[in-house]
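**Q** Given chain A, work out where chain B should sit, using these hints.
Protein chains: 2
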Amino acid sequence: MNNFTFYNPVKILFGKAQIAALTSEIPADAKVLVTYGGGSIKKNGVYDQVMAALSGRTVTEFGGIEPNPHYETLMKAVNQAKQEQVNFVLAVGGGSVIDGTKFIVAAMEYEGADAWDILAKKAPVKKAVPFGTVLTLPATGSEMNSGSVITKAETKEKFSFGSPLTFPKFSILDPETTYTLPVRQISNGIVDAYTHVLEQYLTYPVNAPLQDRMAESILLTLKEEGPKAVENPQDYDTMANFMWCATMALNGVIRVGVPTDWATHYIGHELTALHGIDHARTLAIVLPSLLRYKQETKKEKLLQYGQRVWGVDAGTEDERIEATIQATVAFFESLDIKTTLADYEVGQETVKEIVRRFEERGVKNLGEHADIQIKDVEEILTMSL
Amino acid sequence: MNNFTFYNPVKILFGKAQIAALTSEIPADAKVLVTYGGGSIKKNGVYDQVMAALSGRTVTEFGGIEPNPHYETLMKAVNQAKQEQVNFVLAVGGGSVIDGTKFIVAAMEYEGADAWDILAKKAPVKKAVPFGTVLTLPATGSEMNSGSVITKAETKEKFSFGSPLTFPKFSILDPETTYTLPVRQISNGIVDAYTHVLEQYLTYPVNAPLQDRMAESILLTLKEEGPKAVENPQDYDTMANFMWCATMALNGVIRVGVPTDWATHYIGHELTALHGIDHARTLAIVLPSLLRYKQETKKEKLLQYGQRVWGVDAGTEDERIEATIQATVAFFESLDIKTTLADYEVGQETVKEIVRRFEERGVKNLGEHADIQIKDVEEILTMSL
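In order, the protein sequence lines correspond to chains A and B.
The first sequence: position 249 = 249 (my numbering), numbered continuously.
The second sequence: position 319 = 1319 (my numbering), numbered continuously.
Please keep in mind that the hints were generated in silico from the structure rather than gathered at the bench.
Take the hints with a grain of salt, since some may be wrong.
Stated by the list, open to error - Stretch-level coverage of chain B by chain A, calculated; a stretch enters the list once three of its residues show a Cβ under 8 Å from a Cβ in chain A:
#1 1041-1053
#2 1199-1210
#3 1213-1220
#4 1341-1354
Said to hold, decoys possible - Facing chain B, a subset of chain A residues (Cβ under 10 Å, in silico):
#5 V253
#6 T297
#7 E300
To be verified - Rough simulated footprint, nothing fancy, chain B against chain A, three-plus residues with beta-carbon under 8 Å:
#8 218-226
#9 326-338
The structure displayed is predicted, hence computed values, not measured ones.
Here a beta-carbon is modelled for each residue, glycine too, at the ideal position from N, C-alpha and C.
Isolated chain A (complex conformation) (with noise of 0.2 Å):
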């Protein structure tokens, strides 16, 4: 096992009727900037049940955070909180209103000239305003850590950022919220939570049998209760179990000791940042390419995953490999994303504008022996097409 240091104070708030509790986690005397996304919120009840909450507190609203939040969107969240005196930020919504939320309390506190240095700069966060969350998509585990991704609209940059300053002081998760949300954003959820585990497990063996029947743990419950959350998503049970594996994929406690990978991520947000494709459907692109091409240096993880998901234990290593990675595959299409480029009618220029902006960029060393190289990038999309 690794060397490492595990810190998560995230206060969370599970189950039915939880958003009263908001009443109790915000200070009485709090200025309140309440975060949204498109509005589902006010069909749902969600946005009602957090005013009845806060009532009494001093509550302005920013709605409108996108999918992908953007830089330019958040700017006008910090300069309407700053002018608001605002000393208290929750967010009300799923990963991009959370981790747009992030950057909001921490821009809100930055003194250099521009904030997008934060993320584009590595630009140290000393300081920033509390925030709570109310998640209403399980997919991110955004709600349990503190890093955020953001994309500039204008460069069409997706970065990300962290710090111990942008921990949600609590999350809400009431599995009800989720009962209104389209097909689509569950099935990107659940193959986002999953992705998420794959990150951190398939890479090598560092004699660590815990966190990897912690993730595993994971993967099984995903594998077991996703398609039930598309099939009826309005079941309690099975929303609960999907929310908690999203939230427990990321928020530290599978990745302790452990090597991680992460190029998937690093690859797919340029598929986002080009083409608006949802992140999920991104990583169920890059991933199958990925697990093929560096199926060698992943081996063993690749032969014990698909033992103990898959139950594949007949053939050569290599078909045991091949039938593994086509089980993740098969996975993910029965939920209805679609694992290749040419479902999304991208093709080989992409390609080669990824590999453009990585030489500009000068990426180098992805994955977890830092052996992915540009060229790898490119073999790896390929194979995507």
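**A** For chain B alone, kept in the frame of chain A given last:
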């Protein structure tokens, strides 16, 4: 799944040479009290590593905290710490030292007449001195939770308390510190951690498959690594895996949204209080009888546990349950942990004494169904004779 709140802000620093991190984790101007037990840390080099890392700070020490730490001993530490105006406490040791330190930091700030009320009367902890830990004995999980169990030697009473203020600020887990542990303590630690998991798992199903699988992950890993740890306590990876299992067994992660039992612990505490039997051994005595006695209400989980952890899948339900309990007993016995009261020369008169004490204390409604009464405790203990 049941509603739940999860909160655990303990920072974990895990791995080789992590004790040096004390230098950055404890403020440079802190007045530090270092607490420890019987002094083994002075023989195995841990004390020297700690003192080197604390160099430059005002450091005082309090040794001699016994197993099942005594209120009487701890109050001496409280007086010393107050006199010396200590503002940070560092526990170096196992669960007893850490539990004791939680009481010390709460008692230092307690404003009532008698700090024993924190335990006996559940007087609320309103303030506590910050503390950290250096764990040297994997077992109780105390390094990553806020709970504490303290014994009053005078009256042979063993009570627990906990507060959000008694989470360690950090815990350092260096598996190398366990290399010189006596085999007896390693065996105890394995059984303690294993039973912690069973107390949170062997109840009744509430459709929480991820929590079930995570609990089973710890059980399977302890089953695998435990015998290796006893055999070769200087194998780094083995001790690292055991150490992380023990922490994960009681840091709250596996208990979210599920019922818990804890009757085995409640009854076992009496055996330690009356006869000084090692805590883990009391669990190994009580648990098998409790499982047999409550096998009807625990049936579904017992069958699942038997199948997934011990591969028991042949025979009638009753046969499978008995085989599962026998496999658990055999596991404990394989670690040289005896499982009957007779093994410890304890007889019927102790059963009567525990019944008398429970009657005096008005104990009732133990277990996940709150259906274990004093007469049931008597039957369970009688089955363990």
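**Q** Are at least 3 residues of the segment 1041-1053 of chain B within less than 8 Å of chain A when you compare beta carbons?
**A** Three-residue rule not met by the segment 1041-1053 of chain B, so violated; n is 0.
**Q** Counting residues of the segment 1341-1354 of chain B that have a beta-carbon nearer than 8 Å to any beta-carbon of chain A, does the count reach 3?
**A** violated (count 0)
**Q** According to a criterion of three or more residues whose C-beta lies within less than 8 Å of a C-beta of chain B, is the segment 218-226 of chain A covered?
**A** It holds: at least three residues are needed, and the segment 218-226 of chain A offers 5 whose Cβ sits within less than 8 Å of chain B.
**Q** Are there three or more residues in the segment 1213-1220 of chain B whose C-beta lies within less than 8 Å of some C-beta in chain A?
**A** Three-residue rule met by the segment 1213-1220 of chain B, so holds; n is 6.
**Q** With a cut-off of 10 Å on the beta carbons, see whether V253 of chain A makes it to chain B.
**A** holds, 6 Å
**Q** Would you check whether T297 of chain A satisfies its interface hint, that is, whether its CB is within less than 10 Å of any CB in chain B?
**A** It is violated, given that the least Cβ distance between T297 of chain A and chain B is near 21 Å, above 10 Å.
**Q** At least three residues with a C-beta closer than 8 Å to a C-beta of chain A: is that true for the segment 1199-1210 of chain B?
**A** holds (count 4)
**Q** Next item in the hint list is E300 of chain A. Is there a CB on chain B closer than 10 Å to its CB?
**A** With Cβ-Cβ at 15 Å, over 10 Å, it is violated.
**Q** Verify the coverage statement for the segment 326-338 of chain A against chain B, using a C-beta to C-beta distance below 8 Å and requiring 3 or more qualifying residues.
**A** violated (count 0)
The structure does not agree with the numbered hints 1, 4, 6, 7, 9 stated previously, though it agrees with the rest.
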